[in-house]
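First to last, the sequence lines map onto chains A and B.
Numbered per the numbering used here, the first sequence finishes at 136, counting up by one with no gaps.
Numbered per the numbering used here, the second sequence finishes at 1744, counting up by one with no gaps.
Don't read these hints as lab results, they were simulated from the structure.
Incorrect hints may have been included.
What the hints assert, rightly or not - Stretch-level coverage of chain A by chain B, calculated; a stretch enters the list once three of its residues show a Cβ under 8 Å from a Cβ in chain B:
no., segment
1, 63-72
2, 106-117
Said to hold, decoys possible - Residues of chain B clear of chain A, computed beta-carbon distances all greater than 10 Å:
no., residue
3, Asp1542
4, Ala1581
5, Pro1647
6, Gln1701
Stated by the list, open to error - Keeping only pairs whose Cα atoms sit at most 27 Å apart, straight-line, the calculated DSSO-like set for lysine-lysine is:
no., chain 1, residue 1, chain 2, residue 2
7, A, Lys101, B, Lys1606
8, B, Lys1510, A, Lys99
9, B, Lys1510, A, Lys101
10, B, Lys1499, A, Lys99
Please read these numbers as outputs of a predicted model, since none were measured by experiment.
Just so you know, even glycine gets a beta-carbon here, dropped at the ideal spot from N, CA and C.
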Amino acid sequence: MRKGIQRAGRIAAIALASTLVIGGSANLLVQADAATPVTAEVKIDNFSFGPVSLTVAPGTKVTWTNRDDIPHTVVADDKTFKSKVLDTDETFSYTFDKPGTYPYFCSIHPHMTGQIVVK
Amino acid sequence: MIDDKDSTNDLIVDDHHDDGVDRRGFLKCMAWAGAGALYVMQGGVLKSYAMGASGRSDIPAGELSFVQISDSHMGFNKAANTDVVGTLKTAVDKINALSIAPELILHTGDISHLSKPEEFDTVDQVLKGAVAKDVFYVPGEHDVLNDDGKQYLERYGKVANGSGWYSFDKKGVHFIGLVNVMNLKPGGLGSLGPDQLEWLEHDVKHRKASTPIVVFAHMPLWSVYPEWGWGTEDSAQALSYLKKFGSVTVLNGHIHQLMQKVEGNVTFHTAASTAFPQPQPGKADSPGPMVVPAGELRGLLGITDVNFVQGRHALAIVDSSLK
């Protein structure tokens, strides 16, 4: 039930964003895009990262959200980035500036793996 | 008898390694632990008896009786169990009601849910009510969050080696507590690591082969279900050091359900959680907490009572649900 409410909220937010895009002029949109940092999301659900592999442009801030009832972590294989333990609904963000492939895993449940590809 | 339709109540026997035990024959005489199931190992052969509601009056009292509890997850408060303090207290009541008072308690990890001091404090407080005053711990992955186990070791590992492993003797039985939740590698399973393996080899090297060995660790020391990380990558190395012993019992938690496997003279036994059940291997999208209908929860939680009879190579293991 709790997850259902969260997802409904997310859909509403997307709908609102769509309305703004439709309502705005082309010039405003370009300006807005330039001023807004590039972001991407990974959700942790059912003991897995989704998407398992995510490709982003340099400078993208990636945010992981734990939607499980069990705590997880997000840790780069080479320890470049390392979250604290994320309890249910907690998030961790990291900005990827340089191109490359960044494999990561959950240090509590090491069978959970994922990667961020920056190019 | 196992009823295949009642899938949540089955004991599972993993026999994908050929260990000479006929699975069908094994399942036939296994009873669901809700009513209690008794296992007596004699010379490496396991005998099982269904337990009635009357308890275990036909079981000979041994020289040593102890209890295993596991996965208290103090601090967990989701739908799968909103009262983990209550179910831990029920586990203590069960321990105190045993017809033979246990001498010690083994806690096989995930004492806490988020490694918070107040969570450990609550477990300590509740276990003070148990008749058995000696409690021996090994850490679960939930007990060593954020600080590489520093807090855990300060509380429970003062006499332990490395990240918390140790051994002790009680009435002729050699107990070995192992740690397999530290320094986990990407894509891997539980891990003991070279330092601990070296220590284990040395610890058992000069012991008589007739010494009964009880190993306890949080994650399974056998390959239960690698797809969910349910195993320990270097457990075979550890078990190779124990081959000469006539009676080896390996206890673990982590998977929140009862399972048993016999391989030669080694019996593997996983305990139920006192907090919440987890699904059978592969029977759900993930190993996460399983929400069961109201009234069924306590039947899926429980304690394990072990009774050792000296000179008979017998170790009786009885699982009791909290119902």
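Quick rundown of the hints versus the structure:
1. Here's how the segment 63-72 of chain A fares: 3 of its residues keep a CB closer than 8 Å to some CB of chain B, so the rule of at least three is met and the hint holds.
2. Coverage of the segment 106-117 of chain A by chain B is violated. Counting CB-CB distances below 8 Å, 0 residues qualify, and the rule asks for three or more.
3. With a least beta-carbon separation of about 19 Å from chain A, aspartate 1542 of chain B lies farther than 10 Å from that chain, consistent with its non-interface assignment.
4. Distance to chain A confirms alanine 1581 of chain B as a non-interface residue, since its nearest Cβ pair spans about 21 Å, more than 10 Å.
5. With a least CB separation of 8 Å from chain A, proline 1647 of chain B falls inside the 10 Å interface cut-off, contrary to its annotation.
6. With a closest Cβ-Cβ approach of about 15 Å to chain A, glutamine 1701 of chain B is found to remain outside the 10 Å limit, as its non-interface label requires.
7. Note on lysine 101 of chain A and lysine 1606 of chain B: the hinted pairing holds, with a Cα-Cα distance of about 17 Å set against a maximum of 27 Å.
8. At roughly 36 Å between alpha-carbon atoms, lysine 1510 of chain B and lysine 99 of chain A are farther apart than 27 Å, so this suggested pair is violated.
9. At most 27 Å may separate the alpha-carbon atoms for a hinted pair to count; lysine 1510 of chain B and lysine 101 of chain A exceed this at roughly 31 Å.
10. Restraint check for lysine 1499 of chain B and lysine 99 of chain A: satisfied, since their Cα atoms lie roughly 26 Å apart, inside the 27 Å limit.
In summary, the numbered hints that this structure violates are 2, 5, 8, 9.
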